[in-house]
Amino acid sequence: MFAAFWLLPIARLTLVGASGPNGIANYALVLTHPSYFRSLVSTLALSAGVTLATLIVSGIAGLFLSRNRFPGRAFLTAMLTFPLAFPGVVVGFMVILLAGRQGVIGQVAQWLTGENLVFAYSMAGLFLGYLYFSIPRVILTVMAAAEKLDPKLEEAARSLGASPWRVVIDVLIPGLKPALISAGAICFATAMGAFGTAFTLATRINVLPITIYTEFTNYANFSVAAALSIVLGVLTWLVLNLARTFAGSTVAAAA
Amino acid sequence: MSRGARFWAQLAFTLLVCAFLIVPAVMSVLAGITENFFVGLKSGLTLRWIGEVWELYAHTIYLSLGIALACLAATLVLGVPAAYVLARSQNRWTRAFEELLVLPVAVPGLATALALILLYGQMREFRASWTFILVGHVLFTLPFMVRSVVAVMAAIDLKTLEDAAASLGATFRQRFFNVVLPNARPGIIAGSLMVVTLSMGEFNITWMLHTPLTQTLPVGLADSYASMRLEIGSAYTVIFFFMIVPLLVILQWASERVVR
Chain F
1 MFAAFWLLPI
11 ARLTLVGASG
21 PNGIANYALV
31 LTHPSYFRSL
41 VSTLALSAGV
51 TLATLIVSGI
61 AGLFLSRNRF
71 PGRAFLTAML
81 TFPLAFPGVV
91 VGFMVILLAG
101 RQGVIGQVAQ
111 WLTGENLVFA
121 YSMAGLFLGY
131 LYFSIPRVIL
141 TVMAAAEKLD
151 PKLEEAARSL
161 GASPWRVVID
171 VLIPGLKPAL
181 ISAGAICFAT
191 AMGAFGTAFT
201 LATRINVLPI
211 TIYTEFTNYA
221 NFSVAAALSI
231 VLGVLTWLVL
241 NLARTFAGST
251 VAAAA
Chain Z
1 MSRGARFWAQ
11 LAFTLLVCAF
21 LIVPAVMSVL
31 AGITENFFVG
41 LKSGLTLRWI
51 GEVWELYAHT
61 IYLSLGIALA
71 CLAATLVLGV
81 PAAYVLARSQ
91 NRWTRAFEEL
101 LVLPVAVPGL
111 ATALALILLY
121 GQMREFRASW
131 TFILVGHVLF
141 TLPFMVRSVV
151 AVMAAIDLKT
161 LEDAAASLGA
171 TFRQRFFNVV
181 LPNARPGIIA
191 GSLMVVTLSM
201 GEFNITWMLH
211 TPLTQTLPVG
221 LADSYASMRL
231 EIGSAYTVIF
241 FFMIVPLLVI
251 LQWASERVVR
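Listed in order, the protein sequences are those of chains F and Z.
If you use our numbering, the first sequence corresponds to residues 1 to 255, in order.
If you use our numbering, the second sequence corresponds to residues 1 to 260, in order.
For the record, the hints were derived by calculation from the structure and aren't laboratory data.
Beta carbons are placed, not taken as given, at the ideal position from N, Cα and C, and that holds for glycine.
The hints are all genuine.
Distance windows between CB atoms, simulated:
1. Z/59 with F/33: 38 to 44 Å
2. Z/131 with F/56: 39 to 45 Å
3. Z/157 with F/234: 37 to 43 Å
4. Z/95 with F/246: 15 to 21 Å
5. F/104 with Z/59: 31 to 37 Å
Using the sequences plus the hints, can you model the full thing?
So this is what it looks like as structure tokens:
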């Protein structure tokens, strides 16, 4: 079953990728053709940026939630993990509501400066959207890992006179490293392949999934679309695998 | 621990993150039930948009539910035995198989969808029916079911239990249905909830595989965002929330029980 519905189609995809007028050279096209190369670079840069920002934001919030007990903590955690199952399209819509023509950010900006601020339909909006669906996943991972980390280590460091910063750098980050690497890898991989969010925001944003989609539907350029998606697939898989060799197993668990 | 400035700063930060995630969701709920979003709440509350969405898109909701259930059935039939084999025998082949199984999750859905279309797109009947989408969903959700069940099966000593049952004369069939399945139940339940939730929200694969006659809920959502007024898109999102949030709550509750 699995072979028929996934292995065979993917094999066929690989073949189609090499079947165009350029043959195997199609795969090199990603690197040589300026517009494909640009979309590859911007996809990589965007994914890396989102990963970094998500790790920092969720690292702070996740650690805070797992190290402190206060009323409303469970509720806050539930709220933070609630968008976990939103599909990309819904996330895109959320970004429109935040930063679109009638969005909250625009209205606040209008109230503050008298000018409307609209950036939902650009790279910044996409960044916001990817952040939106990455944060809940990473917070969950960070919290789970922080629960397992012994608070005594931090106390020991503190009692030996380490400053809060030193505790973070020498105790917390090394302790959470495997979790951070694997969560970061999943975050990166999801951002690479995310299609729904970009699709809702604008089909003009030049990221690889959108490029593949337009090549396929608008130009019926099957071979290039196939080659590009193989490249995208191999890249994502590579990142996940690299992370796994660095952080042990458990990686691909929650993409 | 004393709650100094650092505690409050961190709390404020966390609340800000929370607001970032929740404010738009609340806004879409509000927009879905206000008469005119551009005028604001003072234009009055209404259920008109919800009703209109129901008229326009009810079929997508039924289709999504149907596919989610069919997908659940398929992942149960395929996934639970697969998990059993993976849990019982750990060798090079099963590990390689496990790797392969996770690939559709690691590789972007777009690639999987393109691959399916290129190979099976010519078979018109199959291409035009909802089972085409089902195949994509099963590929994507199967790993989650398998992993969830394997995790539970690995935690219990399946071999001893089965040997005990076998020594009392139980056949393989009896052992599988009366010993293995009941013991793996928490994993099966958690996996099932996961599969249904994922299938309901799947877009990346579905968008490529759908036809105008086989629109699922997220596909309908994308359509309404692109071509309908904001209130309708919002009302549609509200309906989606009502379907997915209970699932999420149960899922979290169930996974907490598995951990204990």
